[in-house]
Amino acid sequence: MTGREPPARGVPGSPQAREPGAGQGGPQPSVPGRRSLDGENPDRLYTITGGRTRAAERTFDTVTLIVAECDPQPGQQSEHARILRMARRPTAVVEISAQLRLPVSVVKILLCDLLDRGHITARHPVSTRASIPDLETLEQVLIGLRNL
Amino acid sequence: MDSATFDRPADTPVLPTTVTDALKIVIVGGFGVGKTTMVSAVSEIRPLSTEEVMTQAAAGIDDISRVRDKHTTTVAFDFGRITLDARRVLYLFGAPGQQRFWFLWDRLFSGSLGAVVLVDTRRLEDSWYSIDRLEHHHTPFVVAVNRFGPGPALDRIRDALSLPPEVPMLDCDARDRDSCKSVLIALVRHLLSVHSASFRKTSL
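Sequence order for the protein chains is A and B.
Everything in the first sequence is counted per my numbering, starting at 32 for the first residue and increasing by one.
Everything in the second sequence is counted per my numbering, starting at 4 for the first residue and increasing by one.
With the rest of the complex left out, here is chain A:
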């Protein structure tokens, strides 16, 4: 058995140029479909997310808990209505993504729309990339796990 190779192993080499024309697809429907992602056209998802991804990424964590502040409204985009139904109880971004069968980043964009209109509130996780968890939180996690 040989030892693990140094950390450089397998790390991707120099950044490759992006493919020309990325993100320059024609107009696409702004409503993501409800079909399975297996047959999804990556260009279409790219176009839906293009341009708005960064703001949405900053706004929501994968496990930000979403709480609906109103009922679905007539004429509302169907994904928005489904999110509002699902979030009658606190529901994490990633659970919404799984139930809607849409990538996490696409769901974050839909959530941005709802947040802007005041239709949802967001409970952000205390631990973020900027802060390590406090000891009290860790101790509570330990107690919670032992009680399982």
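Hint data in this document are derived by calculation from the structure and do not stem from the laboratory.
Just so it is clear, the structure is predicted and the values come from calculations on it, not from any experiment.
Treat the hints with care, as some may be off.
Ranges of calculated distance between the beta carbons of each label pair, as one might list FRET restraints [unchecked claim]:
{"#": "1", "chain 1": "A", "residue 1": "P105", "chain 2": "B", "residue 2": "R125", "range": "49 to 59 Å"}
{"#": "2", "chain 1": "A", "residue 1": "R120", "chain 2": "B", "residue 2": "R203", "range": "34 to 44 Å"}
{"#": "3", "chain 1": "A", "residue 1": "A86", "chain 2": "B", "residue 2": "H139", "range": "42 to 52 Å"}
The beta carbon of each residue, even a glycine, is placed where N, CA and C say it ideally should be.
Based on these hints, arrange chain B on the given structure of chain A.
Chain B only, in chain A's frame:
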């Protein structure tokens, strides 16, 4: 797998309305090592699966030549959850250790408490890359060896993985709830010791 007419399967327990803080632990490992089995052993919901797309921002560091004719690529992952108390819920993610997945680590799992590297002794090399990346991200982790039969002792595995002595290692059975619980508890105890040390350092 098809429940498209329901927004939430009827058997999915909802979270208490009082929950305010969601925490993350990531279980990393190669294909077939038992990540979903482990999530499922301790989760209060049947594991769910979703995907993330790698778009322009991440593509900048991706070796796009490997992703022919695509401007985006997707990675799939599973997750489950454990409601810890009235305020806290813990999400457990089962994440593939494959190279392209790590481009999405920051987007999906920044702020994770820590990670479990799930190891199959027949394919130790599957874990090398994940361990390197966790070290790179300064994410504390424990190594859990999912035993599929007789295999090398933990100290031999530690040598083979070049693991420093402070990284906890333990045997586990990913199908067994108590065994998986012990792995998570070992991780949180490790986190407590890592973070206590860093608190002591900063207060000096």
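Practice item. Could you say whether the range 49 to 59 Å given as a hint is met by the Cβ separation of P105/A and R125/B? Key: holds, 57 Å
Point to revise | Whether the CB-CB distance between A86/A and H139/B falls inside 42 to 52 Å | key: Violated - the Cβ-Cβ distance for A86/A and H139/B, about 27 Å, lies outside 42 to 52 Å.
**Study point:** Range hint 34 to 44 Å (beta carbons of R120/A and R203/B) holds or violated
**Key:** About 40 Å separates the Cβ atoms of R120/A and R203/B, which means 34 to 44 Å holds.
Violation of the numbered hints given earlier is confined to hint 3; every other hint is satisfied by the structure.
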